[in-house]
Amino acid sequence: MELLSILFLIHCAQAHINARSHIVEVVGRSGVPAMHAAVLPPSGKVVFLDKVEDYSELRLPNQRWAYSSIYDPETHELTPLSVATNPFCCGGSFLADGRLLAVRGNNPLLWLDPTVEDGLDGIRYISSENGSYEWKEPGNKLASKRWYASAQTMSDGKVFVAAGSLNGMTQNNFSNNNPTYEVLDANGITQGHNVPMDILFENMPYFMYPFLHLLPDGSLFVFTDRSSEIFNVTANSTIKSMPDMPGMHRTYPNTGGSVMLPLHKGNNYEPEIMICGGGQTQGIDSQCEATCGKLRPMSSNLEWQMTSMPDPRGMVEGILLLDGTVLWLNGCQRGAQGFGLATSPALDALIYDPRHNAWNVSGRTTIARLYHSVALLLLDGTVLVAGSNPNEMPVLQNQVEPNNQYKAFPTEFRIERFTPAYLRGDNATKRPTNITLSSLELNMTSRLSVEFDLENGLRTLNVILYAGGFITHAVHMGQVMAYLDNNG
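What the sequence shown shows, in mature numbering (1 follows the signal peptide of the UniProt record, and there is no 0), is residues -15 to -1, 1 to 473, in sequence order.
The set of hints was computed from the structure by calculation and includes no laboratory data.
Please note: incorrect hints may appear among the correct ones.
Simulated restraints, written as ranges between beta carbons of each label pair [what the hints assert, rightly or not]:
1. GLU10 x PRO201: 33 to 41 Å
2. TRP96 x GLY410: 17 to 25 Å
3. VAL435 x ASP296: 34 to 42 Å
4. VAL180 x THR60: 41 to 49 Å
5. LYS250 x ASN286: 16 to 24 Å
6. ASN286 x ASP183: 23 to 31 Å
7. GLY142 x GLU255: 22 to 30 Å
8. ALA343 x ASN217: 29 to 37 Å
Note that the Cβ used here is the ideal one computed from N, Cα and C, for glycine as well.
Using the sequences and the accompanying hints, generate a full structural model.
Written out as structure tokens, the structure is:
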């Protein structure tokens, strides 16, 4: 498991904060439409990545529009970044050395920007050098073209890349599809083989952006449409298949959200997958799904345990919070993924508590977060929410045409911050300071020491490993949270 960040959660004896006391506030701007995002180590800055557009709020030194930016959550400063290939609808993961890897994209739009080339088989890397960030594209490519592919870094440092379209055209024409996977080495370089994968082929056209979760034994949980399995990547074999999940379609173009619930000593670090939302069809009048399912894929009892959100959601995102709950937000209550295909935004932030199988509404926004939105946990324990570009090219607020379904909602550049209850009231000041670690290199059997200063009144300290991964299209690639067994 790669280490991206270590976050600390403090439970205070004096704090009595209602679970509904979360707040949402506008704190900055993304500069570019926030289609893809990730928190970059070690700074905690956020990278936003878009596609070739005819407008953004940032320009590059060559006076072309910027399609990527770095956002500093502390100062709200924005830095424009350039890309060499079109990253439209790419996937991503972190390499073991801390670099962010973004794989594939889409065709170039040379008539709009001749400086950005074909990204369908592109590979990009970003990391900090001397405090600055830059996308690097040395020219190595994937073994095949993949639009809407998912990625997951494995326990040996290799990267599993699966699914996608060969040409960015409709997935209902199966000749456009790429129901295979390939493996990249620890440096993000493909081994050159496209390997057919039955679960992808059998679930076309609902096979793109599959949900991937790395299990503690090194195997991979793969979910697409309503089907799932545990897969051995090294042996290219299915270890066991899961029962179909009840309900509507769960992956693109009716993507719900998927998380692996936090691992901790209380559940013997046994993984449990939770999937919420989805929809009926790729249409503006598509019904969305309210149900959620939980499954323990490594157990002998392979049965989906069902619950329901307070309302139906498509494009809903699940973010693991530091108190063991899950934040579900963004998306629509009717419609689907695609330009102009959602007209009923979901505005409430929902909190699911797996310990009590309970739901609460915990805050509300006035900003529609529809197609091409993102949400991610920052290093200070708050949640950044950005994006929404349900238009083929950016549409500004003064260009909105309410009776035109394709221009009913503007492209959204505002960034919001969601503050969970554990950072409000007395909890906001009762946190460890002057934190130092004995090591930044970990595996499942590593031991490390953590030194810090404590304020008076602290009762319980949990040390949590958290990787936020790469976020796009409501898919959180590589998100994982584990509570360490600490002796403090």
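- Item | Assessment of proposed distance window 17 to 25 Å (beta carbons of TRP96, GLY410) | For GLY410 against TRP96, whose Cβ atoms are near 55 Å apart, the range 17 to 25 Å is violated.
Exercise. Look at the Cβ atoms of ALA343 and ASN217 and judge whether their distance stays inside 29 to 37 Å.
Key: holds, 36 Å
Is the hinted range of 16 to 24 Å satisfied by the C-beta distance from LYS250 to ASN286? holds, 21 Å
| Taking the CB of GLU10 and the CB of PRO201, does the distance hold inside 33 to 41 Å? | Roughly 37 Å apart at Cβ, these two residues keep to the hinted range, so it holds.
For the range 22 to 30 Å, tell me whether the beta carbons of GLY142 and GLU255 fit it or not. holds, 24 Å
**Cβ distance range 41 to 49 Å for VAL180 and THR60, holds or violated** = With Cβ atoms ~45 Å apart, the hint holds.
- Note whether the CB distance of ASN286 and ASP183 lies within 23 to 31 Å or breaks it. holds, 24 Å
Could you say whether the range 34 to 42 Å given as a hint is met by the Cβ separation of VAL435 and ASP296?
For VAL435 and ASP296 the Cβ distance comes to about 41 Å; the hint holds.
Checked against the numbered hints given earlier, this structure breaks only hint 2.
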